[in-house]
Amino acid sequence: MDDEMLYKKTAHELKDLLKSKQVSSEEIVKNFYDRIEQVDSKVKAYITLCKDKALDKAREVDKKRVDGQQLSPLAGIPIAVKDNMCTKGIKTTCASKILDNFVPPYNATVIENLYQNDMILLGKLNMDEFAMGSSTENSSHYPTHNPWNLERVPGGSSGGSAAAVAAHEAAFALGSDTGGSIRQPAHYCGVVGMKPTYGSVSRYGLVAFASSLDQIGPLTKDVEDMALALNVITGHDKMDSSSALIDYPDYTDALKQGVKGLKVALPKEYFEQGVQKEIKDKVLQAAKLLEKQGVIIEEVSMDLTQYALPAYYLISSAEASSNLARYDGIKYGYRAKNYDDLLDMYKQTRDEGFGKEVKRRIMLGTYALSSGYYDAYYKKAQQVRTLIKKDFDTLFDTYDCVLTPTGPTTAFKIGEKVDNPIEMYMNDICTVPVNIAGIPALSINCGFDNEGLPIGMQLIGKAFNESMLLRLAYAYEQNRVLDKNQPSL
Amino acid sequence: MSYSDYEVVIGLEVHSELKTKSKIYCSCSTEFGGEPNTHCCPICTGMPGTLPVLNEKVAEYAIRAGLATQCKINKFSKQDRKNYFYPDLPKAYQVSQYDLPLCYEGEIEIKVKDEVKKIGITRIHIEEDAGKLIHESGEGSLVDYNRCGIPLIEIVSEPDLRSSEEVRAYMEKLRTILLYTDVSDCKMNEGSLRCDINLSVRKKGATELGTRTEMKNMNSFNFAVKAVEYEARRQIRVLESGGTVVQETRRWDEAKGITVSMRSKEEAHDYRYFPEPDLMPIVTPEEKIEAIRKTLPELPDSRINRYVGEYGLKEKDAELIAASRSMADYFQAAAHKTKNIKGAANWIITEVFYRLNEDEKEQASIPFQPEFLAEMVNLIEDGTISNRMAKQVFEKMWSTGQTPSTIVEESGMKQISDDDELSKLAVEVIQKNPKAVQDYLSGKQAAIQALMGQMMKITKGKANPKKVIDLLKDQLAKLN
Chain A
1 MDDEMLYKKT AHELKDLLKS KQVSSEEIVK NFYDRIEQVD SKVKAYITLC KDKALDKARE
61 VDKKRVDGQQ LSPLAGIPIA VKDNMCTKGI KTTCASKILD NFVPPYNATV IENLYQNDMI
121 LLGKLNMDEF AMGSSTENSS HYPTHNPWNL ERVPGGSSGG SAAAVAAHEA AFALGSDTGG
181 SIRQPAHYCG VVGMKPTYGS VSRYGLVAFA SSLDQIGPLT KDVEDMALAL NVITGHDKMD
241 SSSALIDYPD YTDALKQGVK GLKVALPKEY FEQGVQKEIK DKVLQAAKLL EKQGVIIEEV
301 SMDLTQYALP AYYLISSAEA SSNLARYDGI KYGYRAKNYD DLLDMYKQTR DEGFGKEVKR
361 RIMLGTYALS SGYYDAYYKK AQQVRTLIKK DFDTLFDTYD CVLTPTGPTT AFKIGEKVDN
421 PIEMYMNDIC TVPVNIAGIP ALSINCGFDN EGLPIGMQLI GKAFNESMLL RLAYAYEQNR
481 VLDKNQPSL
Chain B
1001 MSYSDYEVVI GLEVHSELKT KSKIYCSCST EFGGEPNTHC CPICTGMPGT LPVLNEKVAE
1061 YAIRAGLATQ CKINKFSKQD RKNYFYPDLP KAYQVSQYDL PLCYEGEIEI KVKDEVKKIG
1121 ITRIHIEEDA GKLIHESGEG SLVDYNRCGI PLIEIVSEPD LRSSEEVRAY MEKLRTILLY
1181 TDVSDCKMNE GSLRCDINLS VRKKGATELG TRTEMKNMNS FNFAVKAVEY EARRQIRVLE
1241 SGGTVVQETR RWDEAKGITV SMRSKEEAHD YRYFPEPDLM PIVTPEEKIE AIRKTLPELP
1301 DSRINRYVGE YGLKEKDAEL IAASRSMADY FQAAAHKTKN IKGAANWIIT EVFYRLNEDE
1361 KEQASIPFQP EFLAEMVNLI EDGTISNRMA KQVFEKMWST GQTPSTIVEE SGMKQISDDD
1421 ELSKLAVEVI QKNPKAVQDY LSGKQAAIQA LMGQMMKITK GKANPKKVID LLKDQLAKLN
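Quick mapping for you: the protein sequence lines, in order, are chains A and B.
Each residue of the first sequence is one higher than the one before, counting from 1 in my numbering.
Each residue of the second sequence is one higher than the one before, counting from 1001 in my numbering.
If we strip away everything but chain A, and leave its shape as in the complex, we get:
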């Protein structure tokens, strides 16, 4: 087996190699660390590597395999997770100075799931501080670079996750998506990213940004890997009150069910409002390709779409202002060195510990919840939320899926939008309605713009019907013809 090529493989290809014992997990893990050493100085996807632990674990899994033990399909596959998922004994910083020294004494439920499936954790990935941002520039560590063009952002907030997968620095990665933080970087980096239905992946141990919107999901090289990854991370968790108690399917079953006769809606609002022309074109081409396979495509209107973004920023910031109040310098994390009294300690700690964007959201959220403003902002936003949910419900009475661009532009230059928060927020315009409605959506690459930057399209589905998205994405993936396959790092 040619070791050099292992990192380029998908998780399901590695799975087959491991199963047929053509390669060991240790070899794969070493190969990935070699790759990381080779390219991560350029990409900067990782914050923390846990090489010793990973190699120990790989050898342990290899031994289990040699001993003939029954293993999970993804046993021995190396993955990495966004640095907002708590990992026992491994630093979890949320890319914030305020948690710079935080080592959780517990694992997030998804981390437990990965370990139970004998998967190998390579390290923790870069992100926008507390998952607030669309470029991974708001990291207290360093910005991450887009593997397709190192001067460009990888998107965010799960920019480290998307970049790591695109640059073959992990077989797949986990990110979190509050308003598009998995799908938008997947779009920018040309990988597959899914935000599952709210409640289908436990949030226990995911450091909260906006509790009613946050959801963990995978970023993978292809749709089959997505199905395998979902099999590992979805499921009911009694530690999370918002976790759904349903029968979770084997998502790989969905892949080969075909798409003939499925009805897909194209909401025209998602193709307006400053959407880059090439993106529009590529998404419509993709729709054509699906049509050829027997999918019925129809244009529809979702006129509440314009209200999703303001509602999202109010709700997410309000929840964030409360969720982030615990970082006060008392119990863990950063504490200011100089202060006069308790109040001053709070102020100095939070002023020095949080970055600009996080402070902006805390102030926005605090304001929206303040007495006298609650009804006009938070309450109104919740009402909008209910309406948007209904809008999707109605649409799903007729359609199996909604197809839109994942974002209005392709990856922008590092530094280009840092001083323009509103323009930065506009990046989320296609993705936030999904979080507001709590439904699943997947982004998959559907081409490149004339600068060679990836373009993603978004498939939105009914709650708990991730399988429908996988069906369509898989059918599309099997038939698409792309100009390029790999970023040339």
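If you're looking for bench data, these hints aren't it; they were derived computationally from the structure.
Any given hint could turn out to be false.
Said to hold, decoys possible - Listed next, the in silico DSS-like pairs over lysine-lysine satisfying Cα-Cα at most 25 Å (straight line):
| id | chain 1 | residue 1 | chain 2 | residue 2 |
| --- | --- | --- | --- | --- |
| 1 | B | K1265 | A | K347 |
| 2 | B | K1021 | A | K238 |
| 3 | B | K1082 | A | K380 |
| 4 | B | K1361 | B | K1021 |
Chain A is fixed; fit chain B onto it per the hints.
Okay, now just chain B, sitting in the frame of chain A:
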């Protein structure tokens, strides 16, 4: 000026720790004491990423308290975050309930100077307790998170209370109900029952409420009563001297016996309540409410009525016994085993109460079964032992826990009631005490007591006194 021109208007917010085994949102122990920070986990210390899961017992206990105070129960209730910074609050928000509490619109009856009055209960909601700051000498303060996440109910009354006596009566009644329903230990010294007092004054006859002040965290009935009395006078003095009462939070300074301003309305927190997104609404269907209702014990008011009506107890006595559920249960168990129920009640109120301190009354830590008490009363009733002997028997029961019949048997304490035997002795005593006999026969009725004393001396106190008197009178009559 005259204080009696004014009416005092008081509403209470009583916080009571629920006696669930584990905390409200995690599985940590709720046990009091314990080394600092040993009863806590990542969840109750608010570590990043952790999530709360409601202990269902907490909602059940709150509903039980609600039903015992005639509250309506919200079938759809939710939890909210109350945001503020303090080192004892690790998440910097307290999960509480804002606009949809579990229970609302209830009432309890209190009695002050024989007058019965209904006090409205605005609402009862659940919330989590905070930790404790320890200010030790030396540098800085320490935080103990053991208490963090202990479940509380907050019982908010209507502004229906008018005096410190009513405040005391209300708190005592509430405490009794919480103990009866077994939802709280109500140990004030352990902080499991504390209250905030909202108080304003107005001229008698006025319909509008005056400006109120709030006094926080009173953890003793006595302090609450004193604080109410002081604060009412203070406000009246302010008004009488032409000033206005400032809406503010005040603190009771027990050492000085005064209330002191803590923070004004302007400095008050904006708690920024909003629905707790990490917890689902609490949905309680009618069947569940009814199932909880079935677990309620008979409450004190009903018991007092029954003790007076059925058992013929004096109201005061009935109240004394019904003040604690365990004592009332003990009494009822004894009452089932004797015809002389009043007798059993008297023994409890006198001898039992005398031997128990306040705490023990609640636990009814009596060293013998209620059946034993009934048996003892029955032994008096059938003449086997005298009241005087019963006291000794009781003493022995208390120290050994033996049954009264065993004690009577073993000590040979049995009363002599045999007529022949007693007649013989009576004749003997009359013969030996001519002086007393003469006195009696010449009209000094009391002289018979001397003869009686002699009878008791001979029998070592075992003679049935009623019979002795009768027999002595018979014999003396023969001499006349």
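Hint check results:
Taking the CA atoms of B:K1265 and A:K347, the gap is near 23 Å; set against the 25 Å cutoff, the hint holds. Distance hint between B:K1021 and A:K238 is fulfilled; the C-alpha atoms sit about 19 Å from each other, no more than 25 Å. Only pairs whose Cα atoms come within 25 Å are accepted, and B:K1082 paired with A:K380 is accepted, the gap being roughly 20 Å. A hinted pair counts as satisfied when its Cα atoms are at most 25 Å apart, and B:K1361 with B:K1021 qualifies at roughly 23 Å.
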